[in-house]
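**Student:** The lines below spell out each chain.
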Amino acid sequence: MTVCPPLPGSDRRLRVAVAGKGGAGKSTLAGTLARVLARRGHRVLALDSDTLPGLALSLGATAPAEPPLLAAAEKGEDGRWRLKKGIGPARAVQRYAIDAPDGVRLLQSGKHTDTGLAPVMGAVNVFYKLVARLNEPAGLREWTFVGDLSAGPRQIAYDWAPYAERILLVVEPTWQSMLTARRIVRIAATPRAVAMSLVVNKASGQPDVELVEDFFGMSALAVVPADDALRDAERSGLAPIDMAPHSPAVAAIEQLADALAAGSLQA
Amino acid sequence: MVIGDLEAGIGTVLRLQPGMADAVVVVAQPTAKSIDIAGRAARIAAAREADVLVVANRIHNEEDLAAVRAELGAYEIFVVPDDPAIYRADQEGLAPIDVSSDAPGVVALTALASRLAGSGAVTFRAL
Amino acid sequence: MKIVVAGKGGVGKTTVAGTVARALARDGHRVLALDADANPMLGISLGVGPEETDALVAVRQGLEDGNSEHEPTIEGFVERFGTDAPDGVRLVVASRIDQFDPG
Chain B
1 MTVCPPLPGS
11 DRRLRVAVAG
21 KGGAGKSTLA
31 GTLARVLARR
41 GHRVLALDSD
51 TLPGLALSLG
61 ATAPAEPPLL
71 AAAEKGEDGR
81 WRLKKGIGPA
91 RAVQRYAIDA
101 PDGVRLLQSG
111 KHTDTGLAPV
121 MGAVNVFYKL
131 VARLNEPAGL
141 REWTFVGDLS
151 AGPRQIAYDW
161 APYAERILLV
171 VEPTWQSMLT
181 ARRIVRIAAT
191 PRAVAMSLVV
201 NKASGQPDVE
211 LVEDFFGMSA
221 LAVVPADDAL
231 RDAERSGLAP
241 IDMAPHSPAV
251 AAIEQLADAL
261 AAGSLQA
Chain Y
1001 MVIGDLEAGI
1011 GTVLRLQPGM
1021 ADAVVVVAQP
1031 TAKSIDIAGR
1041 AARIAAAREA
1051 DVLVVANRIH
1061 NEEDLAAVRA
1071 ELGAYEIFVV
1081 PDDPAIYRAD
1091 QEGLAPIDVS
1101 SDAPGVVALT
1111 ALASRLAGSG
1121 AVTFRAL
Chain E
2001 MKIVVAGKGG
2011 VGKTTVAGTV
2021 ARALARDGHR
2031 VLALDADANP
2041 MLGISLGVGP
2051 EETDALVAVR
2061 QGLEDGNSEH
2071 EPTIEGFVER
2081 FGTDAPDGVR
2091 LVVASRIDQF
2101 DPG
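Residue numbers (our numbering), protein chains in the order written: chain B, 1 to 267; chain Y, 1001 to 1127; chain E, 2001 to 2103.
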């Protein structure tokens, strides 16, 4: 593990959202990337918009049974959920984010209970409200955000990552994954300038990479190989960076972090 | 016979009314995340009076199967091994059954189909 | 008989649904395959082809956009929005990716 001294200036902080078809490996990538960046000196806020478990496991964090953000939510006179008085994005990160290793903070949406989302709707609602305002506070200006955009094209369409300066499209070498990513690209064609980069995941060799690159007509920013060590980590529910720090997949994610840093310096 | 491919997660099984589905096929891979969700989906489906069957997908080895069994062992499990024919189908955009009808994964799913067809009344909706 | 396939995103629900549908059809059953995913891909696993499958979504949206009248019967719905897949399976894409229900 190399620890780099923090570079001056806000250019180095990153604002990344990870998108792609379900199962492509978004949470695994987002969680591992968050830990890698934290080890390089970033102040990292991980954002988990999924209503089912995922990102916390990849980060190596323990999520409490009750979503912390529920305590930040209340119903107004109109019956609608809102943030409690005095709670904005900075305070929410301070008080209601979950601790992950390497100093990463994790802000989670509400998660399905066995009776559904109703018991945690407050947390789901205020999570969305907070995500929309993450660019506001001066206190978060130097933070790096790594967001996990779950469930395919839907969240992109609702602009669940307005903080993102770069969207990482995670694509497996399958038609289902490629078509979904293409739908995401089309839906995300918004006026707001956001860079989209391709990450080929679970690649078993160069033909897999070419399949995806040819489909999109663009080079991949990173290629993460299919990796047995990663599979074992996934089976156990442990963070790949803890269970398999020297695996090819984690090495590829470290290279991705290099590429993102180089990209942000050029921007 | 109507086969519905539901949206991912447990939201849709939660909205199933008792009697809406005769059988719920719950699919899991050997990952902690998918097994957790599959377990929940199975419990919810069983509570809604559906027959629950499990597909353990992309099974490489005994540890993979054991992980699925640990959570879902109470149900009938159809094991789909990591199958090169299915992998090839995904890469080429083909139906697995068209790549090979005797590939191990396809055989397992054909057995599941027989099991579904053989269980209970088969009603042909007036379509 | 009504069968639904459930699970976490990416586990292979669509592959399972599509392959089971084709196997049942080969066994002589009349099969209706319903794609209720917000991101419809069932056509691929049924053997309809990727670009065809992608085009189906557009057709569905186009038909609805151009005609404000809802289809009153299931038969009518299947007739209008269905497409033929191999072995006589009938595929209906029941979702629209530009229409989202929150939560």
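Source of the hints: derived by calculation from the structure; they are not laboratory data.
Only a predicted model underlies this, so the values are computations on that prediction, with no experimental measurement involved.
Check the hints yourself; a few may be wrong.
Simulated crosslink set (EDC-like; lysine to aspartate or glutamate; CA at most 16 Å straight-line) [what the hints assert, rightly or not]:
| id | chain 1 | residue 1 | chain 2 | residue 2 |
| --- | --- | --- | --- | --- |
| 1 | E | K2002 | Y | D1022 |
| 2 | B | K111 | B | E66 |
| 3 | B | K129 | B | D159 |
| 4 | B | K129 | B | E74 |
| 5 | E | K2002 | Y | D1051 |
| 6 | E | K2002 | Y | D1036 |
| 7 | B | K85 | B | E74 |
| 8 | B | K111 | Y | D1051 |
| 9 | B | K84 | B | D99 |
**Student:** Which of the listed hints are broken here?
**Tutor:** Hints 6, 8, 9 are the ones this structure does not satisfy, whereas the remaining hints hold.
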